[in-house]
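Number of protein chains: 2
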Amino acid sequence: MAAAYKLTYFNSTALGEAIRFILSYGKIEFEDNRLAYDDNWPSVKPTLPLPYGQLPILEHDGKIAYQSLAICRYAAKQAKLVGSNDWEDLEIDAAADTINDLRMKIGQYHYEKDPKVKEQKKSPLFEETLPFYIEKFEKQIEKNNGYFALGKLTWADLYFVSLLKYLNYMLGKELTDGAPGLRGINEKVCALPQIKAYLDKRPQTRC
Amino acid sequence: MAAAYKLTYFNSTALGEAIRFILSYGKIEFEDNRLAYDDNWPSVKPTLPLPYGQLPILEHDGKIAYQSLAICRYAAKQAKLVGSNDWEDLEIDAAADTINDLRMKIGQYHYEKDPKVKEQKKSPLFEETLPFYIEKFEKQIEKNNGYFALGKLTWADLYFVSLLKYLNYMLGKELTDGAPGLRGINEKVCALPQIKAYLDKRPQTRC
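Protein chains in written order, with full-length UniProt numbering: chain A, 1 to 207; chain B, 1 to 207.
To be clear, the hints were calculated from the coordinates, so they are not data collected in a lab.
Here are the in silico distance ranges between beta carbons for each label pair:
#	chain 1	residue 1	chain 2	residue 2	range
1	A	Tyr37	B	Pro203	44 to 54 Å
2	B	Glu138	A	Trp87	28 to 38 Å
3	A	Lys63	B	Gln78	25 to 35 Å
4	A	Phe132	B	Lys6	20 to 30 Å
5	A	Gly151	B	Pro49	15 to 25 Å
6	B	Arg206	A	Asn40	46 to 56 Å
7	A	Tyr37	B	Asn168	31 to 41 Å
8	B	Asn145	A	Glu112	37 to 47 Å
9	A	Gln108	B	Pro46	21 to 31 Å
Just so you have them, the derived chain B footprint on chain A, three or more residues with Cβ under 8 Å:
#	stretch
10	46–59
11	66–79
12	84–90
For clarity, every value in this text was computed on a predicted model and none was experimentally measured. C-beta: ideal position from N, C-alpha, C; glycine also.
Working from the sequences, and respecting the hints, build out all of it.
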């Protein structure tokens, strides 16, 4: 029987990996449909049911979902990685959105095409933005018993760890260097049996 | 007695207005704490309890929440503007995130400081991005009985309408021109008695 869920994304971590992590954590079977981002992509793209032209999408029961964070939140409810009331879910959502803000800021540097502008963006990112977020994250993790929210494992932790390879790739350095709280979350999440099993079998990709 | 919720944002619509709309719709009393974005702001900012240096924040029961979309989602649960199962909430979340994507793309043009780069960004935004999103939105609204999701009013509709003044300001034109579906949502939301009452009393601001 086909899996109840089909995730379509590129053969990379980036915006698809958190969904893979969360579904794996919840032992929810899914077809991990990985597309090559290569010369064929422009001809493959129009054949896909993409509501707003973007990946990832999640197919389930004849329906199609889009927007990676919205899909993560849905998957996290199925995997029991959410809070126990509305305010707790707000705390998790805010943490995930803040991690995503940092991801976008790093992306604005990494994907800048003009080498001169990219050079101008380097110092503000590495000397200001990154230390600002890391200091705030470390304080938040200290307050939350070694996690991003609620003093326990939530999908915000899986979201961060799943993005780390991609963030490190874009930065050209280890984001968690000198950040024991973030390193601790990475170690704890990677040691979860379901995540470890997924990591052992996932295709090796550059980012 | 003080209101159970205190929303702190600038005296403008932008990222705070959706929360004001949603709380107003739900008849949830809140203190609408509006700050001037003026010469005093740099000295006011450090006195505020801002977890990541950003507004809006929502204070409730001695706790502080941040991230506008996460706060909207929380408020929408209190105001009964959400779906009736996880997949329905995913559909609303995806619509809101897509509206937010467009808001960010418009902001990347509007806030560009280099006049030459801004000019370069103009045509892709007005000739490609905007028509792309509007066409997709119109189809989605047609499929959803005149709303963004679920064929009925949800917080995605209030989110869009609350942002419209700000988006029009950044674009320098009416985003909904030639988009009957979006205009219809705007009319329906503004005609809701609680929203109308809020609009009648809100301070007049430039954006």
